[in-house]
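Protein chains: 2
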Amino acid sequence: MAEKNIPYKIHLTEEEMPRAWYNVRADMKTDHRPILNPGTLKPVTADDLRPVFCDELVSQELNDRDRFIEIPGPVLDFYRMYRPSPLVRAYFLEKELKTPAKIYYKYEGGNTSGSHKLNSAIAQAYYAKAQALKGVTTETGAGQWGTALSMACGYFGLDCRVFMVKVSAEQKPYRKAVMETYGATVTASPSDTTQVGRKILAETPNTTGSLGCAISEAVEAAVTSDGYRYVLGSVLNQVLIHQSIIGLEAKAALSKYGEYPDVVIGCAGGGSNLGGLMAPFMADKLAGSASPRFIAVEPASCPSLTRGRFAYDFCDTGKVTPLAKMYTLGSSFIPASNHAGGLRYHGMSPILSQLYHDGYLDEARAVGQVSVFEAAGLFARVEGLLPAPESAHAIRVAIDEARACAETGEAKTILFGLTGTGYFDMAAYIQYNGGVMEDYIPTDEDLKRGFDGIPELPGVE
Amino acid sequence: MAEKNIPYKIHLTEEEMPRAWYNVRADMKTDHRPILNPGTLKPVTADDLRPVFCDELVSQELNDRDRFIEIPGPVLDFYRMYRPSPLVRAYFLEKELKTPAKIYYKYEGGNTSGSHKLNSAIAQAYYAKAQALKGVTTETGAGQWGTALSMACGYFGLDCRVFMVKVSAEQKPYRKAVMETYGATVTASPSDTTQVGRKILAETPNTTGSLGCAISEAVEAAVTSDGYRYVLGSVLNQVLIHQSIIGLEAKAALSKYGEYPDVVIGCAGGGSNLGGLMAPFMADKLAGSASPRFIAVEPASCPSLTRGRFAYDFCDTGKVTPLAKMYTLGSSFIPASNHAGGLRYHGMSPILSQLYHDGYLDEARAVGQVSVFEAAGLFARVEGLLPAPESAHAIRVAIDEARACAETGEAKTILFGLTGTGYFDMAAYIQYNGGVMEDYIPTDEDLKRGFDGIPELPGVE
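Listed in order, the protein sequences are those of chains V and B.
Everything in the first sequence is counted per my numbering, starting at 1 for the first residue and increasing by one.
Everything in the second sequence is counted per my numbering, starting at 1001 for the first residue and increasing by one.
Calculated directly from the structure, the hints in this document are not laboratory data.
Computed from a predicted structure; not experimentally measured.
Ideal Cβ positions, reconstructed from N, Cα and C, are used throughout, including at glycine.
Accuracy of the hints is not assured; some may be wrong.
Claimed, not checked - Just a few of them, taken from the derived set where beta-carbon distance is under 10 Å, the chain B residues facing chain V:
| id | residue |
| --- | --- |
| 1 | Pro-1007 |
| 2 | Thr-1013 |
| 3 | Phe-1092 |
| 4 | Asn-1111 |
| 5 | Arg-1175 |
| 6 | Asn-1433 |
To be verified - Computed cross-link-like contacts, DSS-like style, restricted to lysine-lysine with a CA-CA straight-line distance of at most 25 Å:
| id | chain 1 | residue 1 | chain 2 | residue 2 |
| --- | --- | --- | --- | --- |
| 7 | V | Lys-448 | V | Lys-319 |
| 8 | V | Lys-448 | V | Lys-199 |
| 9 | V | Lys-95 | V | Lys-9 |
| 10 | B | Lys-1095 | V | Lys-129 |
| 11 | B | Lys-1199 | B | Lys-1166 |
| 12 | B | Lys-1129 | V | Lys-95 |
| 13 | V | Lys-199 | V | Lys-319 |
| 14 | V | Lys-98 | V | Lys-9 |
| 15 | V | Lys-256 | V | Lys-95 |
| 16 | B | Lys-1009 | V | Lys-256 |
| 17 | B | Lys-1029 | B | Lys-1042 |
| 18 | B | Lys-1009 | B | Lys-1256 |
| 19 | B | Lys-1134 | V | Lys-95 |
| 20 | B | Lys-1325 | B | Lys-1029 |
| 21 | V | Lys-98 | B | Lys-1129 |
| 22 | V | Lys-98 | V | Lys-412 |
| 23 | V | Lys-95 | V | Lys-412 |
| 24 | V | Lys-134 | B | Lys-1095 |
| 25 | B | Lys-1256 | V | Lys-256 |
| 26 | B | Lys-1412 | B | Lys-1285 |
| 27 | V | Lys-9 | B | Lys-1256 |
| 28 | B | Lys-1029 | B | Lys-1285 |
| 29 | V | Lys-325 | V | Lys-42 |
| 30 | B | Lys-1095 | B | Lys-1412 |
| 31 | B | Lys-1098 | V | Lys-129 |
| 32 | V | Lys-325 | V | Lys-285 |
| 33 | B | Lys-1325 | B | Lys-1285 |
| 34 | V | Lys-9 | B | Lys-1009 |
| 35 | B | Lys-1256 | B | Lys-1285 |
| 36 | B | Lys-1319 | B | Lys-1199 |
Build out the structure end to end from the sequences listed, making use of the hints.
Have a look at this one:
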């Protein structure tokens, strides 16, 4: 059923794997507003960040000049375990939808961490090892990032302490077990092991946790432990740099067959997946050489781009991090227990926020989880891959776009990111299969409570 | 770290994917003894089998002439979703073991069913669909076969009824959920939905079930339902034919780099994985053109090759199936609740049994599950893949062989089958990580009880 000899799966060779990550920030027309020290309201310096992040990652975080950053040899070696990842032509889905659209997805779930998160985890673990640290701390939502970091730390022999959002830890005991198999220590967050965790528990004893809470705990654990640094799986510039490998490979694979996307679709929680997938295509758009349409898909339960404010805000619930100018629902906003745990973040990558604000990231679309699981089930049946709920957000919109093409007769080329598998999300599938899944859509009143927590910063724009 | 430009993963192109399966039986020096009708003790005929199996699969089951059988187009189309599967050079494991051996593994876990079982499931579902049947029934142990069949039936729109060994159904609720996501009906076995199930429950109310029991129930459900046939994921000749694609691809991938295995290792429950992996190499051995060493690895808790008898026996506990000459522990033998549910079968493929009896399958080795999980954990850490407990049996012996090479300095080429992932086996990993896993080794008395149930057939050899 293949056309023009385009195979179902396009594999790059290991020699064709990119040797450098791409830093979109160097090409942005307007850089994102600087990250601010909440005490001084001045831009954070490398010195401010070094107690929290590894030195090299601090450099990457602040790097607004270098378009490309060389991938270290040991990271390339590890990448060969699971990269280049396949770019799949979704022939079966196209047939099912009777669409003239050509649908491609970059499949990042074929490694044991089950998601794209490993691309940045191994880089961050490598830099920590190179700096002779003892270990790292982090938070995890759905568990994908924590699993990836556990694998990376297990490989380099680093200690790994993971704060896992409580609702995910409860829904996904086996995720925890995978992390422990790789030698990590997993703590449900909020916990009583940190000051900030105890404070949050005192204020909201029944909270199911959030990425924002878990970040606060992980940062505290890092800065109060000798030889540890904090690492983060999304939101940060450094993570978008590492994840650019998704888009670079996708672009190279498409170009082998003379293809280029009209539409690029990714789920967006903190923004690392979409940021990575769209990076090289965004480069073309910024350079004026192509004009793909970018769509960020977020859960209706946590609609930071579609209903949030573009404002300076804390990156965590405990307000221990610097302030970032981003689309935010307020750092105190705790989303309902939607099953896409990886998308339950109150803010959005400053890079993506700026690109959205400036119109380069064309559209954000919020979708309810019931329609997301409907898309996931259809996709699983016809394409043979059981997607993670996060990834199924992108699938939902890719299907909608392809169906629109069936209406109009347009043969658009659609590219979306299939970030991970749903093997550890079966509790959610059971709920959907049983017909008892509900959508959670925050009311304006819910949002107002979150917005009320956004700091007022006189004189700062 | 790659040598001789052999990449970490060798991908065949879709054009290089085999177009025909290989039937080792056509090349065997001594065919296996015929399957007998238990009533007449005469060889079963196609007419005997047609009420149970699809017509085309009956032909394949009895086919001892055709060396190659063409893969139908719709099956090839489906194969493209996840095949050719990668052949991986285990550079990281070699380094960890400081071995001069070259280790390769054929990785069959990269599809949503999580194992090699999909190779036969889609073929069997296709033939059922082509015969215009309503649906199929089957049993599943670890859940890999049931998941694969559910996917295949979901793809072709066939009804799928799965009897799942009770201990697995209890250990793996999420496996059940995946099957249900693909539209299958899953029943824990023994159940009260069949006569044979009710009988087994009456005799042994506390049984945790076995593949043998579940087969009896599935066969009964098929032959008593209009428009249904029974399908099986291992043991049968037809399944070994379909699984030959594993070995055919592995051989083609190795030959691209001038490589050929000295040792071929596979876990063996019913024998489909090892049978498929070794098939084209066995062809060379039978033709006298090469002499690779074949090792079957089985659990110490269910040692059909290493401690069983080569005798005619029933393929199921309920004694509703024909009699096969094979290595068997007796159809009434119910193994301890070892975590490798897919290897808990009392018998062994008649083809593999005959090849072992005749010395072409060189060696069988029984290993305890504690040492198996030790190997699994090591492999997961250094190779980045979390293996299924079944697959980890092969990993255990591959590591032992590679370590022996480190002692002797021999640079053997070792090929093993990595049949599946362990994402649905985390309860077992939790037990191992917690240090509370035990080995189950049947006593001679345990075995004697099983042997006592092997039928005495005067005049039949």
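We went through each hint and held it up to the structure:
no., hint, verdict
1, Pro-1007, "holds (5 Å)"
2, Thr-1013, "holds (7 Å)"
3, Phe-1092, "holds (7 Å)"
4, Asn-1111, "holds (6 Å)"
5, Arg-1175, "holds (8 Å)"
6, Asn-1433, "holds (5 Å)"
7, V:Lys-448 with V:Lys-319, "holds (18 Å)"
8, V:Lys-448 with V:Lys-199, "holds (23 Å)"
9, V:Lys-95 with V:Lys-9, "holds (16 Å)"
10, B:Lys-1095 with V:Lys-129, "holds (19 Å)"
11, B:Lys-1199 with B:Lys-1166, "holds (16 Å)"
12, B:Lys-1129 with V:Lys-95, "holds (19 Å)"
13, V:Lys-199 with V:Lys-319, "holds (12 Å)"
14, V:Lys-98 with V:Lys-9, "holds (20 Å)"
15, V:Lys-256 with V:Lys-95, "holds (23 Å)"
16, B:Lys-1009 with V:Lys-256, "holds (20 Å)"
17, B:Lys-1029 with B:Lys-1042, "holds (22 Å)"
18, B:Lys-1009 with B:Lys-1256, "holds (12 Å)"
19, B:Lys-1134 with V:Lys-95, "holds (23 Å)"
20, B:Lys-1325 with B:Lys-1029, "holds (16 Å)"
21, V:Lys-98 with B:Lys-1129, "holds (22 Å)"
22, V:Lys-98 with V:Lys-412, "holds (13 Å)"
23, V:Lys-95 with V:Lys-412, "holds (15 Å)"
24, V:Lys-134 with B:Lys-1095, "holds (23 Å)"
25, B:Lys-1256 with V:Lys-256, "holds (22 Å)"
26, B:Lys-1412 with B:Lys-1285, "holds (17 Å)"
27, V:Lys-9 with B:Lys-1256, "holds (20 Å)"
28, B:Lys-1029 with B:Lys-1285, "holds (11 Å)"
29, V:Lys-325 with V:Lys-42, "holds (13 Å)"
30, B:Lys-1095 with B:Lys-1412, "holds (15 Å)"
31, B:Lys-1098 with V:Lys-129, "holds (22 Å)"
32, V:Lys-325 with V:Lys-285, "holds (23 Å)"
33, B:Lys-1325 with B:Lys-1285, "holds (23 Å)"
34, V:Lys-9 with B:Lys-1009, "holds (15 Å)"
35, B:Lys-1256 with B:Lys-1285, "holds (20 Å)"
36, B:Lys-1319 with B:Lys-1199, "holds (12 Å)"
Hint compliance for this structure: no hint is broken.
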